[in-house]
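Participant: Just so you know, the protein sequences line up as chains W and A, in that order.
With this note's numbering, letter number 120 in the first sequence gets 139, and the count goes up by one each step, no holes.
With this note's numbering, letter number 36 in the second sequence gets 55, and the count goes up by one each step, no holes.
Rather than coming from a laboratory, the hints here were simulated on the basis of the structure.
Some clues are possibly wrong.
Copies of the same chain are indistinguishable here, so a pair counts whether it falls within one copy or spans any two.
The list that follows gives simulated cross-link-like pairs (lysine-lysine, DSS-like), each with its CA atoms no further than 25 Å apart [what the hints assert, rightly or not]:
1. K69 x K117
2. K207 x K289
3. K313 x K276
4. K206 x K228
5. K272 x K207
6. K313 x K153
7. K151 x K272
8. K49 x K236
9. K213 x K54
10. K206 x K276
The chain contents come next:
There are 2 protein chains.
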Amino acid sequence: MEVCSICKEEEPIYYQRHSGLKFCRECFIKYIKKKVRKTLGKKIIKQNVKIGMGLSGGKDSLVMAYLLREYYDPIPNSEIIGLIVDEGIEGFRKRGIKIAVEFCKKYDIPYYIDTFEDHIGYTLDRIVERAKEKNITANPCTFCGIIRRRILNSMALERSCNYLAIGHNLDDVAQAVMMNYIEGDIKKLVILGKSIEHPKFVRRIKPLKYIPEIEVKLFADLVGIKYHSEPCPYSSLSYRNEISEILNLLEKKHPGKKYSIVAGFERLVKYLPLEKDKSICKYCGNPSASGICKVCEILRRLDII
Amino acid sequence: MEVCSICKEEEPIYYQRHSGLKFCRECFIKYIKKKVRKTLGKKIIKQNVKIGMGLSGGKDSLVMAYLLREYYDPIPNSEIIGLIVDEGIEGFRKRGIKIAVEFCKKYDIPYYIDTFEDHIGYTLDRIVERAKEKNITANPCTFCGIIRRRILNSMALERSCNYLAIGHNLDDVAQAVMMNYIEGDIKKLVILGKSIEHPKFVRRIKPLKYIPEIEVKLFADLVGIKYHSEPCPYSSLSYRNEISEILNLLEKKHPGKKYSIVAGFERLVKYLPLEKDKSICKYCGNPSASGICKVCEILRRLDII
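With the rest of the complex left out, here is chain W (with noise of 0.2 Å):
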């Protein structure tokens, strides 16, 4: 019978292409706890932090938040939040933000809703007919990023975070930074890799860069979160699907190569200048080089303020 490399008596459960390794499910849970706890690291698991997780009710941010919720458990006056926006996408949002609720209820952890409508007075699924309407050919995705982006910020700056967990993958960073890396921006790539230091920002971090999304999904499933799995119904029209189509290819052809992406990025983003947000946007008063911020660039794009 075939065994888990790790304990040598189990029955394996998954074979890790890259490594070689067949893991029992056990061993598995084990693996991905012990790295995730090492990608954090002592500097953050510790005690006096307090951590706002962007929490969608998908597969990444429950196992992020289910993680980080046994790191924490046993460290003193730590706390973990749930932060959860409601873009407004008619038909799907409610639905994983039900879940994300019983999620931080099960598990006792306190979490907030904040909405795009509360904030900059349009859903998402407005937004996206007002880009129609103006001739604004932008993906939804790129408006939904920058805007919720900000709005997580919001929410954790407001409840005095000292970090803002992100849910995103292995396979999520590698997508960005390769289309980073076609679009040639270096701007985008510094503020993907490099944490801006500013009183306005809460310093976000990303637990499960280095695990794979099928890991995560693995992980879900055998210590059984209950998740929301529908995709968005803009995502079939991203850029981004191509991108993760692209890699996928190349990470069958050459397991590993989603990791070498994103290691290799981390060391080389190091060398990038991080520009100075000296100036203010003259409509929000939210830090910006350039004097207009990219939620009002948007915003002023669409005619909404």
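Following the hints, put chain A in place on chain W, whose structure we already have.
Facilitator: This is chain A only, laid out in the frame that chain W set:
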């Protein structure tokens, strides 16, 4: 009738997808000549410059030579010479060399031929065999690239060239950039994008780096350059071919992405550190940061030195 977007008179023979422009024969030829001249710039096309051109007999190197000859022809005290490397690939290389030599004779360009065998005592075929015997799984292209690069540099150095011109087109450069992004290899990215200032290195230039392969080929056909079009028998084994397919797919869906990869890389590489090769290789005396150069590393792995 459809007309050329430039002269608005002649019938177009080429549609450039990323710009939406249609070119007639004459306007396309002019466009390429102008674009490559601009890539080189006035710092390179000037008096008292001697250029060594790496010539394989393929379309890229011969289009490059055709253009450089035209640019330098009216410039006093300038000189271009052909540098041909015989790697020793049975049934392939000799035909390319024959074509390169005919080209040089036709245009009255002095040329020199050096062989792998003269420089390191082994043909590429013999190196590939030897690697097999030793169970070394490295790609033939890796051996070939590193050794050919060294030989071309020696040939240019010996003949006091100010620059070594290499016929890499936009596709070649985009592939190399992408391969190193995927590996996350900062050293190789630096070597690819920066010039090493060292008395033992001739500065490399890539006049065709912004011209897509398809346009190089079209130019060659339009001006009647006879070139060697067989693929190298080793190239099908190449990881590069996979990356090439991926980039072709991307370019097809999103015209202009090959260019944005290369242009973005050129902005990015400026920030990466150029390690100075302060020490020298203990075997051959060439500059090397680690005390053993890439060529000698290969030769030692193969038990040749």
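Participant: Evaluate each hint against the coordinates.
Facilitator: The hints, checked one at a time:
no.: 1; hint: K69 x K117; verdict: within (24 Å within a copy, 72 Å between copies)
no.: 2; hint: K207 x K289; verdict: both (14 Å within a copy, 16 Å between copies)
no.: 3; hint: K313 x K276; verdict: between (32 Å within a copy, 24 Å between copies)
no.: 4; hint: K206 x K228; verdict: both (20 Å within a copy, 24 Å between copies)
no.: 5; hint: K272 x K207; verdict: between (29 Å within a copy, 22 Å between copies)
no.: 6; hint: K313 x K153; verdict: within (18 Å within a copy, 57 Å between copies)
no.: 7; hint: K151 x K272; verdict: between (40 Å within a copy, 22 Å between copies)
no.: 8; hint: K49 x K236; verdict: within (15 Å within a copy, 56 Å between copies)
no.: 9; hint: K213 x K54; verdict: within (21 Å within a copy, 37 Å between copies)
no.: 10; hint: K206 x K276; verdict: both (24 Å within a copy, 18 Å between copies)
The structure meets every hint from the earlier list without exception.
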